[in-house]
Every structure is written in structure tokens, then in C-alpha cells.
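Given chain A, work out where chain B should sit, using these hints.
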Amino acid sequence: LAKTTQPISMDSYEGQEVNITCSHNNIATNDYITWYQQFPSQGPRFIIQGYKTKVTNEVASLFIPADRKSSTLSLPRVSLSDTAVYYCLVGEIYNFNKFYFGSGTKLNVKP
Amino acid sequence: NAGVTQTPKFQVLKTGQSMTLQCAQDMNHEYMSWYRQDPGMGLRLIHYSVGAGITDQGEVPNGYNVSRSTTEDFPLRLLSAAPSQTSVYFCASSYMDSANTGELFFGEGSRLTVL
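Chains as they are written, first to last, in this note's numbering: chain A, 10 to 120; chain B, 48 to 162.
Keep in mind the hints are simulated off the structure, nothing from the lab. Ideal Cβ positions, reconstructed from N, Cα and C, are used throughout, including at glycine.
A short list of chain B residues far from chain A (calculated; beta carbon distances all over 10 angstroms):
1. Leu60
2. Ala71
3. Asp120
4. Arg124
5. Leu159
Taking lysine-lysine and the DSSO-like style, the derived pairs with C-alpha atoms no more than 30 angstroms apart in a straight line are:
6. B/Lys56 to A/Lys115
7. A/Lys61 to A/Lys115
8. B/Lys56 to A/Lys107
9. A/Lys107 to A/Lys78
10. A/Lys12 to A/Lys78
11. A/Lys61 to A/Lys78
Extracted from the complex, chain A is given alone in its bound form (with noise of 0.2 angstroms):
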């Protein structure tokens, strides 16, 4: 089970890119790693998934380098309403029961 390290918290301004980079020094050959989104009472939401390389949709990018061990989930422009909890998962694609919800990173976006 790949375990990730990720700063506990993040603090950002208006306009701003947000790199949120998230340590997996134990990853296996078969783990996809995973970002999820949280607000304040709510669930989380699924962000933004990748293997290697690159990967990007209308809400992030997600780098992760040659050697897997780790990944940085990049925000372009954050606003005030990206401030929330971001969790990286570490996992085999569909074995959700042994995907590890850490305590995430904290982003504070300030106007």
C-alpha cells in the first residue's frame, strides 16, 4: 500500500498558479495516482487521475515524472473558491477499498 506525504497546508492569492506536489516513494507498477477535491461540508470530488507524464483536464494538470515517486496537481488561476482540502491518492485503478485518504493539503486562497 503506497502511503503519500503532502504539505499539510498551502496559502495562495487571487490569480494565481497553485502547485501542490505530493510525495509516493513507494508506488507500484500498477498504481494510478488520484486527486480529490474537498469544500467544507461537503464530500470529496474526484479532481483529476494520471499513470505518467501529463495529464490535464478543464480543472488541473497533473505532472508525475519518469520515476513515479512522486506527482504535483497544478491549479491554473486559483480563485477564492478553490480554497478547500486536496487529497493525492496512491492506488491500483478500481481497488478503492485500499485507496488511503491522508489528511490532504490544505489550500487557503486569500484575495
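Leaving out everything else, chain B in the frame of chain A:
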């Protein structure tokens, strides 16, 4: 499309009482699960199911029961509530086939207080 629906949203119980948290999904997902989230912490898996009639324990199953009689419903039963079960409970579901991404869909949560 309702997604994952949890009821009730709020509940206060006295120690020793029993109750059931309801979870229903209308996406025909095979996988369903229950998590609890304590203040300032991540989510911990209580029980999960990979299909009707199949359930298994997660990380923190003690004090909770589940059943999966239909694909749509996955109720969580607290047998004898204790103050340590005060938490926010989330139900989540997903597909388990390669035609879909490995995305968990979460409900809005049920906030439980045990006095």
C-alpha cells in the same frame, strides 16, 4: 440524475441507541462504501461492497454493520451508538470496469452526534 444520496443529513443520538444511515445511488455502480471523517482528519473506510450480497470490512468496522441487498442501496447500521462514533459519515460509489475511470462519487455526508 441524483447521484449518491445520503439521509439523514444530521442526527443526534444518545449513547446506546441504534440507527441506520441510508445511502442510495442511481448510477448502477457496483462498488459502494462508507467512510467516516473526524475533525481535521482524512477519511477512514468503514465497510465496502463490490456488488449486491457482497460486503467486507474496511479500516474501522467495529460498531457498524452493513448489508447490500440491492445494487442501489447500502445502509450503515450503528448497533449501539457511542460518543466515539460522533463524526461525519460519507457514502461513496463507483463503477469497477475498464470502460470507466476510477472515480469515486461521494454523497453530501451525514453528520452524527452521539451524546
